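Take these sequences, add in the hints, and give me the full structure.
Top to bottom, those sequences are chains B and H. Here our numbering is used: position 1 in the first sequence is 330, and no number is missing along the way. Here our numbering is used: position 46 in the second sequence is 139, and no number is missing along the way.
No lab work stands behind these hints, which were simulated from the structure alone. Owing to the predicted nature of the structure, the values given are computational and were not obtained by experimental measurement. Beta carbons are placed, not taken as given, at the ideal position from N, Cα and C, and that holds for glycine. One or more hints might be untrue.
Going by beta-carbon spacing under 10 Å, a handful of chain B positions derived as facing chain H [as the list claims (entries may be wrong)]:
no., residue
1, 357
2, 361
3, 363
4, 365
5, 367
6, 371
7, 372
8, 375
9, 421
10, 430
Some, not all, of what chain H presents toward chain B, calculated at C-beta under 7 Å [stated by the list, open to error]:
no., residue
11, 103
12, 132
13, 135
14, 136
15, 183
16, 194
17, 198
18, 199
As a plain string of letters, each chain reads:
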Amino acid sequence: AQSVTQLDSQVPVFEEAPVELRCNYSSSVSVYLFWYVQYPNQGLQLLLKYLSGSTLVKGINGFEAEFNKSQTSFHLRKPSVHISDTAEYFCAVTDNYGQNFVFGPGTRLSVLP
Amino acid sequence: DVKVTQSSRYLVKRTGEKVFLECVQDMDHENMFWYRQDPGLGLRLIYFSYDVKMKEKGDIPEGYSVSREKKERFSLILESASTNQTSMYLCASSSQGRDYGYTFGSGTRLTVV
Chain B
330 AQSVTQLDSQ
340 VPVFEEAPVE
350 LRCNYSSSVS
360 VYLFWYVQYP
370 NQGLQLLLKY
380 LSGSTLVKGI
390 NGFEAEFNKS
400 QTSFHLRKPS
410 VHISDTAEYF
420 CAVTDNYGQN
430 FVFGPGTRLS
440 VLP
Chain H
94 DVKVTQSSRY
104 LVKRTGEKVF
114 LECVQDMDHE
124 NMFWYRQDPG
134 LGLRLIYFSY
144 DVKMKEKGDI
154 PEGYSVSREK
164 KERFSLILES
174 ASTNQTSMYL
184 CASSSQGRDY
194 GYTFGSGTRL
204 TVV
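Printed below as a string of structure tokens:
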């Protein structure tokens, strides 16, 4: 069975500072990893995904994530955040079949002026 | 632009009412999902479907049923709404295989009074 851990439930950060949102997963098979963002009162939107190839993945809005198989991690980073990045961020994993995703509990990013 | 459309953004219903939440996707996706999202509990899978007229229980199916008569439409039914079903409901769809991730609707915030 797969599982996803997001250790930080809330991350406050000042505008223009860097941020890292942590994601760790467990799985007995090969996995494919995703980050989603949810703005207030909206559905989830895909930020980026890792399927294969380069372990550094770039997504929308200046975010990137690095897949680390040995540490079973897929941390999300942004070098300089904006107020508009305030949202909830979800890490998700699926196996080869891609039909069922397992989501982490989410990290609420608050960007302060 | 691909879309998953949920019929209502906000809904208020009375205890005991039968409630229908509709979800339509225009991407010819095989897979469709219903989640509920509650503070501190993340996303929890209610039901999913991999094909027309097919349905599978997710992690929390009690009190819910679903219908998928056409490929593009997946309906969630609350047979007799209760106050503990007050929540944000998210519909998602995906294609067979893993490449595309989920596409989410904007969500329906249901309040049962």
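Hints versus structure:
| no. | hint | result |
| --- | --- | --- |
| 1 | 357 | violated (16 Å) |
| 2 | 361 | holds (5 Å) |
| 3 | 363 | holds (5 Å) |
| 4 | 365 | holds (8 Å) |
| 5 | 367 | holds (8 Å) |
| 6 | 371 | holds (6 Å) |
| 7 | 372 | holds (4 Å) |
| 8 | 375 | holds (5 Å) |
| 9 | 421 | holds (8 Å) |
| 10 | 430 | holds (6 Å) |
| 11 | 103 | violated (9 Å) |
| 12 | 132 | violated (10 Å) |
| 13 | 135 | holds (4 Å) |
| 14 | 136 | holds (5 Å) |
| 15 | 183 | holds (6 Å) |
| 16 | 194 | holds (5 Å) |
| 17 | 198 | holds (5 Å) |
| 18 | 199 | holds (5 Å) |
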